[in-house]
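Asker: Protein chains in written order, with numbering that gives the first Met the number 0: chain G, 0 to 225; chain A, 0 to 241.
If you are wondering where the hints come from, they were derived from the structure by calculation, not from laboratory data.
Since this is a predicted model, take the numbers as computed values, not measurements.
It cannot be assumed that every hint is accurate.
To be verified - Below, a list of computed lysine-lysine pairs in the BS3-like style, where the Cα atoms sit at most 25 Å apart:
{"hint": "1", "chain 1": "G", "residue 1": "Lys124", "chain 2": "G", "residue 2": "Lys158"}
{"hint": "2", "chain 1": "A", "residue 1": "Lys68", "chain 2": "G", "residue 2": "Lys124"}
{"hint": "3", "chain 1": "A", "residue 1": "Lys237", "chain 2": "G", "residue 2": "Lys200"}
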Amino acid sequence: MSTRRFVIPGEEVASGRVKLGEGVYREGDRVYAAVLGLLDTSRGVVRVVSLAGRYYPKVGDFVIGTVTGTIYETAWSVDIASPYTAILNSSDFHREVDPFRTPLMKVMKPGTAIYAYVREVAPTKGVYLTMKQRGCRILRGGRLIEISPAKVPRVIGRKRSMLGMLARETGCRILVGQNGIIWVSCKSMGMADLVERAVRKIEAEAHTSGLTDRIKEMIVRERERV
Amino acid sequence: MKAGEPEEFIVDGRRLDGRRVDELRPLKIEAGVLKRADGSAYVEWGGNKVLAACYGPKEIHPRHEANPKRAVLRTYYSMAPFSVYERKRPGPDRRSMEISKVTRQALESVVFTHLYPMTAIDVFIEILQAQAGTRCAGITAASVALADAGIPMRDLVPACAAGKVGGHIVLDLFDIEDNYGEADLPVAIVPRTGEVCLMQMDGNLTQEEFEQAFELAIKGCMQVYEKQKEALKKVYEKRSEE
């Protein structure tokens with residue numbers, strides 16, 4: 000992981016016949032970085048993992064969003080911290096709702112946080128969510144933490160090692176959306192603060208190794224005071 | 000001769016501020032200086048102080064400006080009231096709208112706008128202090144801010160001017176040279192391919208002079224490019240240490 004090179008847009012990263020991943024482009028016979036980030040050439044694919052940037056919706060992602068309103072009384076509009084507003088149709092809600100009998104605003108008000116699944120990204124950039132997937136639900140209580148979507152894999156960790164450790168050591172319930180929104184629900188405010196500090200530390204030190212151990216140390220050290 | 004005009008622009012091979020004809024003013028670029036914006040950069044170039052910030056890609060408002068094929072790049076060049084000797088009336092004017100437009104066109108040639116249809120990318124360039132060559136400093140800062148925001152682009156865009164003062168072709172004019180000189184030629188390039196994405200000329204040059212000035216400006220751009228790359232590398236190192 001530490002061998003990954005830092006590259007700048009326009010920097011040559013490969014040449015010849017290679018498979019292109021995200022964050023690179025080809026011109027003639029050569030491949031160049033398109034974004035600021037870390038070059039990854041493992042598994043025969045050349046890609047640059049961006050260090051910044053907004054969430055780009057992808058089918059199959061679980062995201063955390065905030066309801067912003069309704070559209071035509073039959074769907075909710077949901078802010079998923081991406082350039083595109085997402086739509087959650089009432090028929091995609093995890094239980095039966097009849098928008099003609101119950102106004103959708105009574106089911107979920109603006110500001111309600113949800114854990115949802117990206118069902119479709121239309122060519123016109125309409126993003127459609129569904130909650131008819133395992134784990135999807137309304138998130139009551141807790142707090143939302145926003146981080147860069149590029150840092151999400153680090154917060155989850157390999158085989159969920161980081162996330163598992165965080166939940167275990169703090170006793171909090173934590174959900175991570177691929178869009179960089181994290182939901183934390185704890186028994187005490189202090190513990191939620193601690194999780195937030197830990198997440199910020201992970202975000203800042205995402206590229207360093209041995210991070211899980213250091214975060215664990217930090218939590219064990221600081222949770223006594225909570 | 001106009002009042003305040005120097006008699007000689009170049010004495011013993013040195014310009015009025017002590018530079019040689021092919022020398023840039025001291026240039027300092029810093030990326031990621033603002034917390035709230037998605038990307039930002041600060042440029043100090045001689046007496047120029049320029050701040051650039053970038054937001055996006057984000058939902059576009061007003062909606063009818065959206066392009067279903069690509070992101071819309073919007074640039075705002077603005078000079079602070081205190082950036083010049085006589086207070087400048089704040090707000091957009093003919094000159095700043097022109098510079099916003101040429102800046103946008105220069106940056107559009109490198110940003111992969113087709114990746115984010117229906118969105119807007121906003122770039123704000125604020126001139127805090129001006130000493131000639133602010134459009135070049137603005138473009139230089141803006142492209143670093145775009146890269147800092149993680150926006151996909153072909154390359155960075157450095158810009159630099161060359162011109163003619165007192166019969167000599169010189170690089171990177173400062174205010175006295177700009178005001179009393181004979182010509183100013185700002186150029187922005189895509190360094191990897193050598194494409195020219197901004198070129199304007201104020202004043203007159205013969206064909207030979209133009210070619211000489213153009214070549215000099217390109218050399219200047221390449222020096223600016225190195226500083227841009229350094230600035231972005233530094234951000235990464237800085238973030239690694241924290």
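Asker: Straight-line Cα separation of Lys68(A) and Lys124(G) no greater than 25 Å?
Answerer: Holds: Lys68(A) and Lys124(G) sit about 10 Å apart, inside 25 Å.
Asker: Between Lys124(G) and Lys158(G), does the CA-CA distance stay at or below 25 Å?
Answerer: violated, 31 Å
Asker: Decide if the proposed pair is consistent with the structure: Lys237(A) and Lys200(G), CA atoms, cutoff 25 Å inclusive.
Answerer: holds, 15 Å
Figure legend: structure checked against the earlier numbered hints; the only hint not met is number 1.
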